[in-house]
Amino acid sequence: MSTILLSTKKLCKTFSSGGHQQHVLKNLDIDLFAGDFTVIMGSSGSGKSTLLYALSGMDKPTLGEIDFEGKQIAKLNNDQLAVFRRNHCGFVFQKVHLLDNMSVLDNALASGLLVSKNKREILEKAKQLLKQVGLDEISWDKFPSQLSGGEAQRAGIVRALMNSPQIVFADEPTGALNSAASTSVLDVMTEVNRNGQSIVMVTHDMKTALRGNRILYLRDGVMCGELKLSAFHVQDNHARYEQLQSFLTEMGW
Numbered sequence: 015m016s017t018i019l020l021s022t023k024k025l026c027k028t029f030s031s032g033g034h035q036q037h038v039l040k041n042l043d044i045d046l047f048a049g050d051f052t053v054i055m056g057s058s059g060s061g062k063s064t065l066l067y068a069l070s071g072m073d074k075p076t077l078g079e080i081d082f083e084g085k086q087i088a089k090l091n092n093d094q095l096a097v098f099r100r101n102h103c104g105f106v107f108q109k110v111h112l113l114d115n116m117s118v119l120d121n122a123l124a125s126g127l128l129v130s131k132n133k134r135e136i137l138e139k140a141k142q143l144l145k146q147v148g149l150d151e152i153s154w155d156k157f158p159s160q161l162s163g164g165e166a167q168r169a170g171i172v173r174a175l176m177n178s179p180q181i182v183f184a185d186e187p188t189g190a191l192n193s194a195a196s197t198s199v200l201d202v203m204t205e206v207n208r209n210g211q212s213i214v215m216v217t218h219d220m221k222t223a224l225r226g227n228r229i230l231y232l233r234d235g236v237m238c239g240e241l242k243l244s245a246f247h248v249q250d251n252h253a254r255y256e257q258l259q260s261f262l263t264e265m266g267w
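Note that my numbering numbers the sequence shown so that position 63 is 77, with each residue one more than the last.
The hints are simulated quantities; they were obtained by calculation from the structure and are not laboratory data.
Mixed in with the good hints, there may be bad ones.
[What the hints assert, rightly or not] Here are the computed distance ranges between Cβ atoms for each label pair:
| hint | residue 1 | residue 2 | range |
| --- | --- | --- | --- |
| 1 | G32 | Y255 | 15 to 23 Å |
| 2 | S57 | T197 | 40 to 48 Å |
| 3 | G32 | S244 | 45 to 53 Å |
| 4 | K74 | D155 | 37 to 45 Å |
| 5 | E79 | A253 | 16 to 24 Å |
| 6 | Q142 | N41 | 21 to 29 Å |
| 7 | L113 | N192 | 19 to 27 Å |
| 8 | S193 | Q146 | 33 to 41 Å |
| 9 | S260 | K156 | 38 to 46 Å |
| 10 | D81 | Q36 | 37 to 45 Å |
| 11 | N92 | S57 | 25 to 33 Å |
[Said to hold, decoys possible] Simulated crosslink set (EDC-like; lysine to aspartate or glutamate; CA at most 16 Å straight-line):
| hint | residue 1 | residue 2 |
| --- | --- | --- |
| 12 | K23 | D114 |
| 13 | K242 | E256 |
| 14 | K221 | D234 |
| 15 | K139 | E186 |
| 16 | K131 | D150 |
| 17 | K89 | E79 |
| 18 | K242 | E264 |
| 19 | K85 | D114 |
| 20 | K141 | D120 |
| 21 | K156 | D120 |
| 22 | K23 | E79 |
| 23 | K133 | D120 |
| 24 | K109 | E186 |
| 25 | K23 | D93 |
| 26 | K131 | D120 |
| 27 | K221 | E256 |
| 28 | K221 | E186 |
| 29 | K139 | D150 |
| 30 | K40 | D234 |
| 31 | K242 | D120 |
| 32 | K24 | D93 |
| 33 | K145 | D234 |
The beta-carbon is built from N, C-alpha and C at its ideal position, and this holds for glycine as well.
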């Protein structure tokens, strides 16, 4: 049986504005499994990103529990949450947020040195990861402004992996990329997952969602259904697309 890495119980998130309350997440019970590539889908405003931020400790739920390997992260204070994120989580966003005044390599090193003071070890790991995501040495000394969108996102993936996270959270990681760059970034994430990395990704794009082996569908803050797929292989793409399209049609996407 798969190992549960993270689970929620009666998870709720409510925002107040102008005297009105907006219930964005409603009593969600979710289990996320180690080694899975989990994709969260749903229409705009369904609560996808809110759920991702709650699961990753970037935002606190209004009610409910979030259990990460026995640790109740919903009960942690802000300082404890910062330590939790640094030690256990990696993040990949649509906007990469690399440090503008640092090279690609230095961005990776800065992330790694937050969790380890062994500079030689961190340097070797950064170089290994940069090669793994297909960034050649000539790009390591470039600044973020000198990178293409796809290169910047791959550098962002390296930064996310520098602390050897148990889980990587990705929010629309290909949303700002063209088709070729999107495929390149998704290939990297697929390979990382094949090597055992757990990934939870929010997307509205079917091509991107096809990379997951588990699709969760959110509607108005409620989990409406899930689709389980085999591990991604290019040769299975057509059948996979039809499965996902049928599921999304059933969900009213």
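Now for the hints, and whether the structure bears them out:
Checked against the hint of 15 to 23 Å, the C-beta distance between G32 and Y255 comes to roughly 43 Å, which is inconsistent with it. Distance hint check for S57 and T197: the Cβ-Cβ separation is about 25 Å, which falls outside the suggested range of 40 to 48 Å. For G32 paired with S244, a C-beta distance near 47 Å keeps the hint of 45 to 53 Å intact. As the Cβ distance of K74 to D155 is approximately 40 Å, the hint placing it in 37 to 45 Å holds.
With their beta carbons about 38 Å apart, E79 and A253 fall outside the hinted range of 16 to 24 Å. In this structure the hint that Q142 and N41 lie 21 to 29 Å apart at CB is violated, the actual value being about 43 Å. In this structure the hint that L113 and N192 lie 19 to 27 Å apart at CB holds, the actual value being about 24 Å. Our hint of 33 to 41 Å for S193 and Q146 is violated, since their Cβ atoms are close to 22 Å apart.
The beta-carbon spacing between S260 and K156, approximately 43 Å, falls within the hinted interval of 38 to 46 Å. Checking the proposed 37 to 45 Å range against D81 and Q36 shows it is violated: the Cβ atoms sit about 26 Å from each other. With their beta carbons about 31 Å apart, N92 and S57 fall inside the hinted range of 25 to 33 Å. Under the criterion of a C-alpha separation no larger than 16 Å, the hint pairing K23 with D114 is inconsistent with the structure, at around 40 Å.
Of the supplied pair hints, the one linking K242 and E256 holds, its CA atoms being roughly 13 Å apart against a limit of 16 Å. Distance check on the hinted pair: K221 and D234 sit about 23 Å apart at the alpha-carbon level, beyond 16 Å; violated. Restraint check: the Cα-Cα separation between K139 and E186 comes to about 26 Å, which exceeds 16 Å; the hinted pair is violated. A threshold of 16 Å between alpha carbons decides the hint, and for K131 with D150 the separation of about 25 Å lies outside it, so the pair is violated.
This hinted pair checks out: K89 and E79 have alpha carbons roughly 8 Å apart, not beyond 16 Å. A threshold of 16 Å between alpha carbons decides the hint, and for K242 with E264 the separation of about 15 Å falls inside it, so the pair holds. Only pairs whose Cα atoms come within 16 Å are accepted, and K85 paired with D114 is rejected, the gap being roughly 35 Å. The suggested pairing of K141 with D120 holds, with an alpha-carbon distance near 11 Å, which does not exceed 16 Å.
Note on K156 and D120: the hinted pairing holds, with a Cα-Cα distance of about 10 Å set against a maximum of 16 Å. Restraint check: the Cα-Cα separation between K23 and E79 comes to about 5 Å, which is no more than 16 Å; the hinted pair holds. The straight-line distance between the Cα atoms of K133 and D120 is roughly 12 Å, inside the 16 Å bound, and the hint therefore holds. A threshold of 16 Å between alpha carbons decides the hint, and for K109 with E186 the separation of about 9 Å falls inside it, so the pair holds.
For a cut-off of 16 Å, the pair hint linking K23 to D93 is broken: about 23 Å separates their Cα positions. Between the alpha carbons of K131 and D120 the distance comes to roughly 14 Å, so the proposed pair stays at or under 16 Å and holds. Between K221 and E256 the alpha-carbon distance is near 12 Å, which keeps this suggested pair within the 16 Å criterion. Among the hinted pairs, K221 with E186 is consistent with the structure: their alpha-carbon atoms are about 12 Å apart, no more than 16 Å.
For the given pair, K139 sits about 15 Å from D150 by alpha-carbon distance, which is consistent with the 16 Å threshold. Restraint check: the Cα-Cα separation between K40 and D234 comes to about 8 Å, which is no more than 16 Å; the hinted pair holds. Restraint check for K242 and D120: the C-alpha separation of about 39 Å exceeds 16 Å, so the hint is violated. With a C-alpha separation of about 24 Å, the suggested pair K24 and D93 falls outside the 16 Å cut-off, and the hint is violated.
At most 16 Å may separate the alpha-carbon atoms for a hinted pair to count; K145 and D234 exceed this at roughly 41 Å.
Comparing the model with each earlier hint shows violations of hints 1, 2, 5, 6, 8, 10, 12, 14, 15, 16, 19, 25, 31, 32, 33; every other hint is respected.
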